[in-house]
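Chain by chain, the residues run as shown.
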Amino acid sequence: MLILSRKLDQGITIGDEIEISITKIEGDSVKIGISAPRSISILRREILEEMQSSNLAAAVTSIPKQSNLKSTLAASSAKQLIAQMRAKKAAKEGTPDNK
Amino acid sequence: MKLKVDEDSNVPEIGHADTRSEIKLPQGLFGFAEIRSMELVFDQDELPFMWLREQKQDGLAFIVLEPGGIISNYSVEISDADVKFLDITGPEDTMILNIVTLPPDQSGKVSLNLVGPIIVNRKTLTGKQCIINNHEEFSARHVLDVGGEGL
Chain F
1 MLILSRKLDQ
11 GITIGDEIEI
21 SITKIEGDSV
31 KIGISAPRSI
41 SILRREILEE
51 MQSSNLAAAV
61 TSIPKQSNLK
71 STLAASSAKQ
81 LIAQMRAKKA
91 AKEGTPDNK
Chain Z
1 MKLKVDEDSN
11 VPEIGHADTR
21 SEIKLPQGLF
31 GFAEIRSMEL
41 VFDQDELPFM
51 WLREQKQDGL
61 AFIVLEPGGI
71 ISNYSVEISD
81 ADVKFLDITG
91 PEDTMILNIV
101 TLPPDQSGKV
111 SLNLVGPIIV
121 NRKTLTGKQC
131 IINNHEEFSA
141 RHVLDVGGEG
151 L
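Each protein sequence line maps, in turn, to chains F and Z.
Numbering of the first sequence is given in our numbering, commencing with residue 1 and proceeding in unit increments.
Numbering of the second sequence is given in our numbering, commencing with residue 1 and proceeding in unit increments.
I should point out that these hints are in silico values taken from the structure, not numbers from a laboratory.
For glycine and all other residues, C-beta sits at the position ideal for the given N, C-alpha and C.
Treat each hint with caution, since some may be false.
The calculated label-pair distances, taken between Cβ atoms and stated as ranges, are [what the hints assert, rightly or not]:
id, chain 1, residue 1, chain 2, residue 2, range
1, Z, G28, F, E93, 34 to 42 angstroms
2, F, S21, Z, A81, 18 to 26 angstroms
3, F, D16, Z, D93, 27 to 35 angstroms
4, F, K88, Z, Q55, 16 to 24 angstroms
5, F, I34, Z, D45, 43 to 51 angstroms
6, Z, P103, F, G33, 36 to 44 angstroms
7, Z, P103, F, I3, 22 to 30 angstroms
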């Protein structure tokens with residue numbers, strides 16, 4: 001990794017289109033200004049890390065062969081939601097949902 | 001692109017209106033960069049919950065749902081780059097899938113990742129997990145409070 005030392009109001013350019021400037025230094029916090037094309041995604045690293053850990057927590061292993069969520073979705077709130085969605089659909093169609 | 005999420009946006013049938021569709025994920029998912037495709041499978045009796053899973057034995061699987069009619073006041077702002085990557089034009093050809101985390105015990109509450117939905121182009125069946133531009137308005141661990149979502 002390239003490590004550069006910068007002072008307040010100094011900057012760094014990356015390629016032709018990306019410019020980074022140090023706009024404020026206060027205690028242990030640094031404000032950084034970034035100019036880049038809109039097509040470039042700029043995110044706080046914590047958000048990416050949160051997405052990774054969220055996906056890891058959500059991943060289900062050893063799923064049943066057929067699409068059968070029933071045992072997996074035994075949590076009461078999940079069951080409630082399925083029931084509500086079904087009731088709503090039935091009400092919309094004006095017929096009991098007998099699929 | 002800003003997409004409002006309403007009840008009508010809840011249409012699990014995509015592609016050829018099948019209950020099983022292959023979704024291409026050219027960029028993988030966060031934490032699972034090696035994935036390139038998964039199948040979206042649903043059973044009418046289990047909606048709104050659907051499976052997004054690898055097409056191999058003992059593969060990776062997620063439970064996902066479309067937020068329409070379930071999460072009130074949810075909207076997603078998709079970055080220009082993601083709109084271009086997915087080649088989506090509006091709500092008609094866009095499917096939003098939020099990944100569900102089940103509680104470790106059955107009495108607990110289900111949570112949803114509203115920050116990083118998987119956005120799928122319904123026509124090309126290409127998807128990408130996108131961090132929405134308006135992510136600061138929502139939680140990555142939104143607790144599904146079934147009684148309180150205004151259903």
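The hints, checked one at a time:
1. Z:G28 with F:E93: 34 to 42 angstroms: Given range 34 to 42 angstroms: holds, Cβ gap about 38 angstroms.
2. F:S21 with Z:A81: 18 to 26 angstroms: Between S21 of chain F and A81 of chain Z, where Cβ atoms are some 23 angstroms apart, the hint holds.
3. F:D16 with Z:D93: 27 to 35 angstroms: 34 angstroms, holds
4. F:K88 with Z:Q55: 16 to 24 angstroms: 32 angstroms, violated
5. F:I34 with Z:D45: 43 to 51 angstroms: Cβ of I34 of chain F to Cβ of D45 of chain Z: about 49 angstroms, so the range 43 to 51 angstroms holds.
6. Z:P103 with F:G33: 36 to 44 angstroms: With Cβ atoms ~42 angstroms apart, the hint holds.
7. Z:P103 with F:I3: 22 to 30 angstroms: 43 angstroms, violated
Of the hints listed earlier, those the structure fails to meet are numbers 4 and 7, in rising order.
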